[in-house]
Amino acid sequence: EADIYQTPRYLVIGTGKKITLECSQTMGHDKMYWYQQDPGMELHLIHYSYGVNSTEKGDLSSESTVSRIRTEHFPLTLESARPSHTSQYLCASSGVGSSRGGAFFGQGTRLTVV
Amino acid sequence: GNSVTQMEGPVTLSEEAFLTINCTYTATGYPSLFWYVQYPGEGLQLLLKATKADDKGSNKGFEATYRKETTSFHLEKGSVQVSDSAVYFCALSTGNQFYFGTGTSLTVIP
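Quick note, the sequences are listed as chains A and B, same order.
No gaps in the numbering here: position 11 of the first sequence is 11 in this note's numbering, and each next residue is one more.
Every position in the second sequence, counted from 1, becomes a number in this note's numbering once 1000 is added.
Be aware that one or more of the hints could be misleading.
Anything over 10 Å on all C-beta distances counts as not near chain A; from chain B, calculated [as the list claims (entries may be wrong)]:
#, residue
1, THR1012
2, ALA1017
3, ASP1054
4, LYS1056
5, THR1065
6, LYS1068
7, THR1071
8, HIS1074
9, ASP1084
10, SER1085
11, ASN1096
12, PHE1100
13, ILE1109
List of simulated lysine to any residue pairs, SDA-like, C-alpha gap at most 20 Å [to be verified]:
#, chain 1, residue 1, chain 2, residue 2
14, B, LYS1056, A, GLY101
15, B, LYS1052, A, GLY95
16, A, LYS57, A, ASP30
17, B, LYS1060, A, GLY101
Part of the chain B face toward chain A, derived, beta carbon under 8 Å [stated by the list, open to error]:
#, residue
18, GLY1043
19, LEU1046
20, VAL1087
21, PHE1098
22, LEU1106
23, THR1107
24, PRO1110
It is worth saying that the hints were derived from the structure and are not from the lab.
For glycine and all other residues, C-beta sits at the position ideal for the given N, C-alpha and C.
I would like the entire structure built from these sequences, with the hints used as guidance.
See the structure below:
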């Protein structure tokens, strides 16, 4: 059983608010990822980290930011939420030899900006 | 570059029918290949994996064989159940990054 947790599971928030989506893993994985999943199901990589103090932007441009101060924690922040940010956000992690073991996903946060 | 192409959905099958979801890939190097399953309102769960050519991954009655010569990793199940209704993603990894297909929605009707 993979141990990666996202909170909150669901969030409805007004336009202009600042929000932070939390992601934590207890597996000691060095690599962590944030994906945005559109209603058509496709996953888009928006941020990733290969270790503490390492963060990179992914393939899909996003107004969100991330930080990696601790190995187990990889929060995503939106400074000013907009309706276009409404989506499902999935956090994932992978460990040493990740290409063989696969990535493990949290349950996701469903964000609605009204 | 690296990419995954999987069968367009949605797929609707009757219970106990045979399932195939096609997946082909393009990769530099020697990728590992994965199938993930996503149930409604949930994250992705690793279903099975294969790390080298001719490996067969299997789990919960699902199987997929890593075919280097055809660059394919098709998902199969001999007899689907209603509980198999979900979205299935094919993926590859060549190192630090993962590349996902667009997902195939499967509905199994009683």
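> Does B/THR1071 sit more than 10 Å from chain A, CB to CB?
Replying inline: Holds, since 17 Å exceeds 10 Å.
> Does B/LEU1106 pass the interface hint, meaning its C-beta sits closer than 8 Å to a C-beta of chain A?
Replying inline: violated (12 Å)
>> Would the non-interface assignment of B/ASP1054 survive a Cβ cutoff of 10 Å against chain A?
In response: Consistent with the label, B/ASP1054 stays out of reach of chain A, its closest Cβ about 16 Å off (over 10 Å).
> Beyond 10 Å from chain A, beta-carbon-wise, is B/THR1065?
Replying inline: holds (17 Å)
>> Tell me if the interface restraint on B/LEU1046 is satisfied: Cβ within less than 8 Å of some Cβ in chain A.
In response: Check passed: Cβ of B/LEU1046 comes within 5 Å of chain A, closer than 8 Å.
> If you draw a straight line from the CA of A/LYS57 to the CA of A/ASP30, is it 20 Å or shorter?
Replying inline: Distance ~17 Å between A/LYS57 and A/ASP30 Cα, so the pair holds.
>> Just want to verify: B/THR1012 was marked as not at the interface with chain A; is every Cβ pair farther apart than 10 Å?
In response: B/THR1012 is indeed farther than 10 Å from all Cβ atoms of chain A, at 16 Å.
> Is it correct that the beta-carbon of B/HIS1074 has no partner in chain A closer than or equal to 10 Å?
Replying inline: holds (18 Å)
>> Under 8 Å is the threshold here; is the Cβ of B/GLY1043 close enough to any Cβ of chain A for the hint to stand?
In response: Cβ of B/GLY1043 sits 4 Å from chain A, so the hint holds.
> Taking the closest pair, is the beta carbon of B/PHE1100 still more than 10 Å from chain A?
Replying inline: violated (5 Å)
> Given B/PHE1098 as an interface hint, is the shortest Cβ-Cβ distance to chain A below 8 Å?
Replying inline: Where the cut-off is 8 Å and the nearest Cβ of chain A is about 5 Å from B/PHE1098, the hint holds.
>> Beyond 10 Å on every Cβ pair: is that true for B/LYS1068 relative to chain A?
In response: holds (16 Å)
In terms of the numbered hints stated before, the structure departs from hints 11, 12, 22, 23, 24, listed from lowest to highest.
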